[in-house]
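Dock chain R against the given chain X, drawing on the hints supplied.
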Amino acid sequence: GAVVSQHPSWVICKSGTSVKIECRSLDFQATTMFWYRQFPKQSLMLMATSNEGSKATYEQGVEKDKFLINHASLTLSTLTVTSAHPEDSSFYICSAIGPSSYNEQFFGPGTRLTVL
Amino acid sequence: DAKTTQPPSMDCAEGRAANLPCNHSTISGNEYVYWYRQIHSQGPQYIIHGLKNNETNEMASLIITEDRKSSTLILPHATLRDTAVYYCIVKGGGSEKLVFGKGMKLTVNP
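For the record, the sequence lines run as chains X and R.
First residue of the first sequence: 9, per this note's numbering; consecutive thereafter.
First residue of the second sequence: 17, per this note's numbering; consecutive thereafter.
Heads up, some of the hints might be wrong.
Stated by the list, open to error - Residues from chain X that keep clear of chain R, each with C-beta distances beyond 12 Å, as calculated:
(1) Cys21
(2) Lys22
(3) Ser26
(4) Val27
(5) Ser62
(6) Lys63
(7) Gly69
(8) Glu71
(9) Lys72
(10) Leu82
(11) Leu84
(12) Thr86
(13) Thr88
(14) Pro94
(15) Asp96
(16) Gly106
Said to hold, decoys possible - Listed below are the simulated DSBU-like cross-link pairs for lysine-lysine, each with C-alpha atoms no more than 35 Å apart in a straight line:
(17) X:Lys63 <-> R:Lys118
(18) X:Lys28 <-> X:Lys49
(19) X:Lys28 <-> R:Lys19
(20) X:Lys28 <-> R:Lys118
(21) R:Lys121 <-> X:Lys74
(22) X:Lys28 <-> X:Lys72
(23) R:Lys118 <-> R:Lys19
(24) R:Lys118 <-> R:Lys68
(25) R:Lys121 <-> X:Lys72
(26) X:Lys22 <-> R:Lys19
(27) R:Lys113 <-> X:Lys49
(28) R:Lys113 <-> R:Lys85
(29) X:Lys72 <-> R:Lys113
(30) X:Lys72 <-> R:Lys68
(31) X:Lys49 <-> X:Lys22
(32) R:Lys121 <-> R:Lys68
(33) X:Lys22 <-> X:Lys63
(34) X:Lys63 <-> R:Lys113
(35) R:Lys113 <-> R:Lys19
(36) X:Lys22 <-> R:Lys113
(37) R:Lys19 <-> R:Lys121
(38) X:Lys63 <-> R:Lys19
(39) R:Lys19 <-> X:Lys74
(40) R:Lys113 <-> X:Lys28
Derived by calculation from the structure, the hints in this document are not laboratory data.
Don't be surprised by glycine CBs; every beta carbon is placed ideally from N, CA and C.
The following block holds chain X by itself, in its conformation from the complex (with noise of 0.2 Å):
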């Protein structure tokens, strides 16, 4: 199947740094990667959808200039926190549309952030 990496797979930062998280489809292309968040005992909250080549949609309440997202490339979505904060503290899961027919999405192993 579809294999979707992460890296790295956890993070702590000191508040007001920033934060990259990249995602990778290791052995196919996609144009489209979406990143979630998910707190504690909650579910995945899509934050934003993203484009090789253009730039991000966002869901509506996600703050685009906190959290950047850049699709440079077919293989490659990079999640940037600005000037994290300890409420960004969560686990930051992407995933990518698969090379079939059907547009399932394929997860990365996600990543765990804690600002302190």
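Relative to chain X, chain R alone:
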């Protein structure tokens, strides 16, 4: 996309079939039923999807009622590793987004 309703939790004995229900009474004709699961602290895993016919793959079977208002995911021989939160999601054929509800926690007991 239509909403789905799942029970919050279910237990199953190891080795037995696990039947996970999902209601999607407002589903429209071009919307698919997708199932994903999420094992603790991991990204969701795609299981199966269907439109109106029953589907089977190496992981599970999906049974969709004739009126398409509900479906059942069947894990034929549940193992401890199947303990996870299972999400039933309805998605339009032209839509790429997945909207996750609360899902259902399946606990497989030894």
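Results for each hint:
1. Cys21: 19 Å, holds
2. Lys22: 23 Å, holds
3. Ser26: 23 Å, holds
4. Val27: Valine 27 (chain X) clear of chain R: closest Cβ-Cβ about 18 Å, beyond 12 Å.
5. Ser62: 14 Å, holds
6. Lys63: 16 Å, holds
7. Gly69: The claim stands: glycine 69 (chain X) keeps its Cβ more than 12 Å from every Cβ of chain R (closest is about 14 Å).
8. Glu71: 19 Å, holds
9. Lys72: 17 Å, holds
10. Leu82: At about 16 Å from chain R, leucine 82 (chain X) clears the 12 Å cut-off, so the statement holds.
11. Leu84: Nearest chain R Cβ is 17 Å from leucine 84 (chain X), so the label holds.
12. Thr86: 17 Å, holds
13. Thr88: 20 Å, holds
14. Pro94: 20 Å, holds
15. Asp96: Aspartate 96 (chain X) is indeed farther than 12 Å from all Cβ atoms of chain R, at 18 Å.
16. Gly106: Answer for glycine 106 (chain X): violated, closest chain R Cβ roughly 8 Å.
17. X:Lys63 <-> R:Lys118: 30 Å, holds
18. X:Lys28 <-> X:Lys49: 24 Å, holds
19. X:Lys28 <-> R:Lys19: 33 Å, holds
20. X:Lys28 <-> R:Lys118: With a Cα-Cα distance of about 28 Å, the restraint between lysine 28 (chain X) and lysine 118 (chain R) holds, given a limit of 35 Å.
21. R:Lys121 <-> X:Lys74: 33 Å, holds
22. X:Lys28 <-> X:Lys72: Given that 35 Å is the threshold and the Cα spacing comes to 14 Å, the pair holds.
23. R:Lys118 <-> R:Lys19: 11 Å, holds
24. R:Lys118 <-> R:Lys68: 24 Å, holds
25. R:Lys121 <-> X:Lys72: 33 Å, holds
26. X:Lys22 <-> R:Lys19: 39 Å, violated
27. R:Lys113 <-> X:Lys49: Given pair lysine 113 (chain R), lysine 49 (chain X) holds - Cα atoms ~22 Å apart, limit 35 Å.
28. R:Lys113 <-> R:Lys85: Given that 35 Å is the threshold and the Cα spacing comes to 21 Å, the pair holds.
29. X:Lys72 <-> R:Lys113: 18 Å, holds
30. X:Lys72 <-> R:Lys68: Cα-Cα ~38 Å, so violated.
31. X:Lys49 <-> X:Lys22: 24 Å, holds
32. R:Lys121 <-> R:Lys68: Given that 35 Å is the threshold and the Cα spacing comes to 25 Å, the pair holds.
33. X:Lys22 <-> X:Lys63: 28 Å, holds
34. X:Lys63 <-> R:Lys113: Holds, at roughly 17 Å.
35. R:Lys113 <-> R:Lys19: With Cα atoms ~13 Å apart, lysine 113 (chain R) and lysine 19 (chain R) stay inside 35 Å; holds.
36. X:Lys22 <-> R:Lys113: This hinted pair holds, its Cα atoms lying about 33 Å apart.
37. R:Lys19 <-> R:Lys121: At roughly 18 Å apart (the allowed maximum being 35 Å), lysine 121 (chain R) and lysine 19 (chain R) satisfy the hint.
38. X:Lys63 <-> R:Lys19: Distance ~29 Å between lysine 63 (chain X) and lysine 19 (chain R) Cα, so the pair holds.
39. R:Lys19 <-> X:Lys74: Given pair lysine 19 (chain R), lysine 74 (chain X) holds - Cα atoms ~30 Å apart, limit 35 Å.
40. R:Lys113 <-> X:Lys28: Holds, at about 23 Å.
Figure legend: structure checked against the earlier numbered hints; hints not met, in rising order: 16, 26, 30.
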